Structure formats: structure tokens, C-alpha cells
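Visitor: Chains as they are written, first to last, in our numbering: chain P, 14 to 320; chain S, 120 to 525.
Keep in mind the hints are simulated off the structure, nothing from the lab.
These figures come from a predicted structure and were not determined experimentally.
No residue lacks a Cβ here, since even glycine has one placed at the ideal position from N, Cα and C.
Certain hints may be false.
As the list claims (entries may be wrong) - Using C-beta positions, here's what the derived DEER-type ranges look like:
| no. | chain 1 | residue 1 | chain 2 | residue 2 | range |
| --- | --- | --- | --- | --- | --- |
| 1 | P | ILE132 | S | ARG385 | 25 to 33 Å |
| 2 | P | ASP117 | S | ARG183 | 20 to 28 Å |
| 3 | P | ALA298 | S | GLN192 | 27 to 35 Å |
| 4 | P | ILE296 | S | ASP393 | 32 to 40 Å |
| 5 | P | ALA298 | S | ALA302 | 50 to 58 Å |
| 6 | P | MET251 | S | ARG183 | 21 to 29 Å |
| 7 | P | SER218 | S | ASP391 | 40 to 48 Å |
| 8 | S | HIS184 | P | GLU67 | 13 to 21 Å |
| 9 | S | HIS184 | P | GLU163 | 35 to 43 Å |
| 10 | S | GLU133 | P | THR176 | 37 to 45 Å |
| 11 | P | GLY77 | S | ARG461 | 42 to 50 Å |
| 12 | P | VAL120 | S | PRO327 | 40 to 48 Å |
| 13 | S | GLN192 | P | SER218 | 17 to 25 Å |
| 14 | S | ALA303 | P | ASP117 | 28 to 36 Å |
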Amino acid sequence: MSQPALPASVDAVVELLERNDYFADRRLATSVFLALKMRRPLFLEGEAGVGKTELAKVVARALGRELVRLQCYEGLDTASAVYEWNYPRQMIEIRLAEAQGKVDRNVLATDIFAERFLIRRPILQALDPSAGAAPVLLIDELDRTDEPFEAYLLEVLAEYQVTIPELGAIKASSPPIVVITSNRTREIHDAIKRRCLYHWVDYPSAQRELAIVARKVPGAAPKLSREIVAFTQRLRAMDLFKAPGIAETLDWAEALVALDRLALDPETVSSTLGALLKYQDDIGAVTPDVAAQLIAEARLEGAELGS
Amino acid sequence: MTIVARTSDGRLAENILHFARVLRAAGLPVGPAKVIAALDAVQAVGVEHREDFRTALESVFIERHEQAALFDQAFELYWRNPRLLERMMQMLLPKVYARTPRPEAEAPLPARLAEALLPLPKEQSAAQEQEATLEAAFTFSPREVLQTRDFETMTAAELSEVKSMIARLRLPLPEHRVRRTVAARRGTSIDLRASLRAMTSAGGEMGPLQWRARRKRRPPLVVLCDISGSMDRYSRMLMFFLHAITNDRDRVHTLLFGTRLTNITRHLRRRDVDVALARVAAAVSDWAGGTRIGACLTEFNRRWSRRLLGQGAVVLLISDGLDSDAGEGLSREMERLAKSCRRLIWLNPLLRYDKFEARPAGIRAMLPYVDDFLPVHNLESLKQLASAFQERHTLHGAARRDALAA
Chain P
14 MSQPALPASV DAVVELLERN DYFADRRLAT SVFLALKMRR PLFLEGEAGV
64 GKTELAKVVA RALGRELVRL QCYEGLDTAS AVYEWNYPRQ MIEIRLAEAQ
114 GKVDRNVLAT DIFAERFLIR RPILQALDPS AGAAPVLLID ELDRTDEPFE
164 AYLLEVLAEY QVTIPELGAI KASSPPIVVI TSNRTREIHD AIKRRCLYHW
214 VDYPSAQREL AIVARKVPGA APKLSREIVA FTQRLRAMDL FKAPGIAETL
264 DWAEALVALD RLALDPETVS STLGALLKYQ DDIGAVTPDV AAQLIAEARL
314 EGAELGS
Chain S
120 MTIVARTSDG RLAENILHFA RVLRAAGLPV GPAKVIAALD AVQAVGVEHR
170 EDFRTALESV FIERHEQAAL FDQAFELYWR NPRLLERMMQ MLLPKVYART
220 PRPEAEAPLP ARLAEALLPL PKEQSAAQEQ EATLEAAFTF SPREVLQTRD
270 FETMTAAELS EVKSMIARLR LPLPEHRVRR TVAARRGTSI DLRASLRAMT
320 SAGGEMGPLQ WRARRKRRPP LVVLCDISGS MDRYSRMLMF FLHAITNDRD
370 RVHTLLFGTR LTNITRHLRR RDVDVALARV AAAVSDWAGG TRIGACLTEF
420 NRRWSRRLLG QGAVVLLISD GLDSDAGEGL SREMERLAKS CRRLIWLNPL
470 LRYDKFEARP AGIRAMLPYV DDFLPVHNLE SLKQLASAFQ ERHTLHGAAR
520 RDALAA
């Protein structure tokens, strides 16, 4: 894989991301630029579906790096996050040694805890890549795991090394680009955040969202895209339990394209609202009257967006 | 100063240093490491674009979304008006920055600026109270009695009693199994790693297998405590109780509600009970006013539930259930709350009366959704809470329906 150099300025980051179908606002681009330049982890927090994970993927693609993804969940431990020994192979090794009749305890211990019996999980892969430049390590939804894992992560992020008792410390020759995301289902400890560059990923502006829809759903008619964006933006201003993210906007746009719609109408909106809103209360709040009003406003605003 | 020497423009570095001090004074956790990081960041992005410069500082200095507003305000004030900055610095550090010229007679510092940027604890909290009062007056009905309550400091006798209570107080909420495992003699899954290590040290002989079991852990606890007028007589005692359980275990979040909802978790984390309660008193503006349980629960469900109720949290609702809105919209919010937590426990001081009847609309709306219903009305009952849990002295199922029918 060709290995593009790190971008030299914030403008270069904006341009690089845009070439890879990611429209970042200048603030986000600045954070990304700094994370690359200062070699610090980037901590992205924000509502679900605003493009946090996507950013890591795009950065990896744009820089020609491998993406190593660690999806967090409750009970995530070192065996599935960092490394594990290949027990079946170790067993076989022991039996083979026995069969050959040369069982020496000390030799056996060093033999079976050798690197070839090590199974590398995402964090170890990221620190000790087999080939090429340091990868992008995406630690996704860190809020889903528990505090002990966060504490473990501290060592990794501070020193870019992991310690395997049988082998010793493995240190990254060049640190990976680390992106951590959180949906804020609980507060991440300050100690982690202190080591990172923090960025709150917000919903995009209408202009930016329009650009995203145009790029990602090319089949949507321009008028429809504008109305979709204006409608979603209005919806976000409502007092909803869960406002739709960009992911939902794109889903909805695709749904409407699949239905061959060229503009919004109340009937289509109410039958496809499930692509946009995921709580029954929220869907209930968008009554036909409300929907009709939102559509009328979206039409006006959509026309303005186009001009 | 090595840091200053590292940047080409010593003046800018110095300004960033001052800015960091202002942020720290305003309550952001800004340490020396962050200042160095900020200098690096600014060097990296340069100072051509104001927005880049701002984001560079912001991404280093803030750690939580909530801090963004304070940062914005500080940034605007600081980098727009250097004279204001000099004045502030002189107020903050009169000795260190003797080099700066004495300010001419200027208009007094705006109150908001002083409040946000000057770390004078007394003035700050006074200003906060004032602001909160103003805000409340604009938004709510006259029913809301706004009082800012000063917690009296405890007498020595009280203090010792409370301390002994704290020492004994344990909320014996049942622990639940989490997905993390520990080595255990009678475990449920084989610990291959430990087994193999035992084998190698036994020279390759197949020994007994080692086992692991799932760990047990106390669930996170979210306390929603009513501080309205009808709960007034219990509120002081309850604050001690809340302080005790917050410092007794990890993963406790505490919110107070009357006519509005206030998260006081961070304040209660202060070890010293007086300091903690003084901070709570300053942060809360609706002591002993009306109760809008439905509205407060709505706000909780919207803003907090997804952030606090993960990982199987238990909710402790402390309220007498007397609602000024007569239970309007309450049952729907209670249902959502009950569905999003592992267990919903209602502590009600009215329950001490033998002839307690669930007559008020608020209580009738809430009762069907709670898992446990327990009394809490004095220090004694708090102490007995533990045994109450163990004896399952709770109004369950049938008893609850009886209370409803009465």
C-alpha cells in the first residue's frame, strides 16, 4: 500500500478527509491534525450516529494505514483485547516433548511461552504491526466496557507498550494513531481523557449535511436531498428522546430513493419515519399535523439551501 | 522558563500560560502537563487562523462537553481584550507579574466575568445563587419557593453519631454477576492459562484443572432525592445519608429534584461532609419549594438516563410522592424509568404511618412501577434500612395492590 505523508496543515486535513468522503468541520479537522502531529490519542465523544467511528476508518484509509478495531463491551479482558496464548498448540507441544522423552521443566516453560504461541489481539496488533507503518487503532465505544479495562488502557496509552509476564514488555517502535470513541452512556474517567485530545462531535450544519447526503446517496434528486436535510435539521430542534444522527439521515435518504420519491410528502414521511426515529414516543410526537408543518418548512428552507 | 524558551514568540507562550491559569481559576482541571501540550498544539497549528488556534487550545484544555461553554466564554474574553486580561492577571497574581504596567482607572470588571473567571469561592457561590434565583423566577410559577438553604454545621454530638452511622451504613443491594471472571476453586469455566502453567511446572504432567468463575459486583446506584417543601424536615438527614453512600462505594450518582433536577454527584464526592454539603447548598436553588415529579423525571429520562443507567444500575427514589402537578404525566415517565433500570426502589417517609394509604394521585401513579417500597423517615430508619433489605420487609406484589385499592 502506498504510504501518504501526514498532512502538513489543517487545510490539508480538511482536503484529505473530503477526498475520502468525509466532510469534517474545521474544528474537527484541527483536532485530527493535532492528534497526528502531537501523536496523542483523539477522544471523540458525541451522540450515536454522528460519524465518530467513520472518522477513524477514513483516517486509516486516507493515510494508507491498517485499521485495527477494538469494539468494547462489558467484561472485555486482556485475553480478547490484548493477547492470549494458544493453549491447544501449547498442549500439543508438551505432548510432543513427552513423546520424545526430553522433558525438562525450565526448557519446557520457555519453549511453550514463546512468541509463536501468542495470539495477537487488537491492541497488541496495533503496537507491534507485522509490516508497514503504525496502524490506526480504533477503540470503539469505550463507555461500554468497565473501569478495570480503562485502567489497563492507561498504561497502553501512556507508554504505548504492553507487558506480557512470560515475555516481557512489548513496546511500539512507532506509536499507532489512536482514536477512542464514546457515546457517553457513562462518564469515562478523567485520567484517560487527560491523555487525549478531546473533541465533542456535534450534529453537522445544514450545508455540511447536504454535502454528505449528496456524496453518500448520489441517487437522491437535489431537491429531495435539500428537503431531507432541512427536515432532519428541524427534527433535531424538537424535544425528542433521541434526535436522528447523520447515519439516520443517510438511511432515510436511501429509503426515499428506493421508493422513487422526488420530494417529501406527508404520507411518505409518516410511513418511513422509522428510518429516522427509533423510539415510539418520538414517532408519536411527529403527528401528521406536525409532519405536514415540518415538510412545509423544510420545503421553504430546502429552496434556500439550494440557492 | 524553559517552556517560554521553546516557542519562538515568548510573549504568546506567556499569554497561553496566563490563559491556563485563568481556566484553572475558573474550575477547569488544567495542570502543567496540559499547558505544555497546549504550547505544542499551538506551535503545530500556528496562529494564522483564530478558529484553529481556539480549537487547538480547546481540544487540550477541556475534557467534558459541559466545560465547552466556560471555555468559550473565557476564550472570547481573554483573547479579545488583552487589557482586561492584564487586569485579571493582576488580580490573580499581583506579585508574579509585576512587570505589567499598572492599569489606568477603568470601568469595574463585569460581574459575569468576575464570576466565571475569578476564583473567589465566596463571591462565586453567591453569584451563582443569585443567577439561579433569577433564572428560576423567569421560568417557573410563584409556587416555587426559592430558598437557598444553608446547612448548619453539625454539633460535635451529632457529628459523632452520624459518623458512627456512616461507619455502619451499608446498602446491601444484591451484588450481581458481571462478565469479568476471577480464579475460583469451584468455577464454571476452565482457566486454561493457569492450568497450563500448573502443567509446565509439574513437568508436563496432567494435573487438576484450574477454574474461573464470574465475578460479583455491586451494581451502579442512582439516587433521585426529593427536596421539596414536604420533604424539608428530612432533607438534612438525607444529605448526610447521600454523602455517606456516595463515599462508601463506587459508581454512585446523586440527583436532587424539587421543581428542577440538579446533579450533585461531583459535590458529594468531597470527603469532608461539611464542604460537600456547602457545595450542594450552593448548587441547588429549589430547596423546600414545590414538587414537579413528572417534569423532573422527564428531564432525567431525557438527559441522564442513558448516561447513568448503563451496566444494570439500581435506582433509589427518595420522595413522599406528593406532587404539585397531581401526577400529571407521571406514570408514563415512571414506566420508562422502571424499564431502563435493573431495580427501582422507592424510599418514602410517609410509610411510617400505619394507616398509610396511597391516595394522592402522585403516589397512585408511581406505585405500580416500583420493585421495592420502603420507609425512610429518621436516622433510625436509615440505620434499619440495611436489615429491612435483608428481611425483605418490603411491600411486594399483593401488598402493593392492597395499598392501591385502599
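Visitor: If a hint holds in the structure, say so; if it does not, say that too.
Guide: The hints, checked one at a time:
1. P:ILE132 with S:ARG385: 25 to 33 Å: violated, 41 Å
2. P:ASP117 with S:ARG183: 20 to 28 Å: Distance hint for ASP117 of chain P, ARG183 of chain S is violated at roughly 56 Å.
3. P:ALA298 with S:GLN192: 27 to 35 Å: holds, 33 Å
4. P:ILE296 with S:ASP393: 32 to 40 Å: violated, 49 Å
5. P:ALA298 with S:ALA302: 50 to 58 Å: holds, 51 Å
6. P:MET251 with S:ARG183: 21 to 29 Å: holds, 25 Å
7. P:SER218 with S:ASP391: 40 to 48 Å: holds, 46 Å
8. S:HIS184 with P:GLU67: 13 to 21 Å: holds, 20 Å
9. S:HIS184 with P:GLU163: 35 to 43 Å: With a Cβ separation near 18 Å, HIS184 of chain S and GLU163 of chain P fall outside 35 to 43 Å, so the hint is violated.
10. S:GLU133 with P:THR176: 37 to 45 Å: holds, 41 Å
11. P:GLY77 with S:ARG461: 42 to 50 Å: holds, 46 Å
12. P:VAL120 with S:PRO327: 40 to 48 Å: violated, 24 Å
13. S:GLN192 with P:SER218: 17 to 25 Å: holds, 22 Å
14. S:ALA303 with P:ASP117: 28 to 36 Å: Holds: the Cβ-Cβ distance is about 32 Å, inside 28 to 36 Å.
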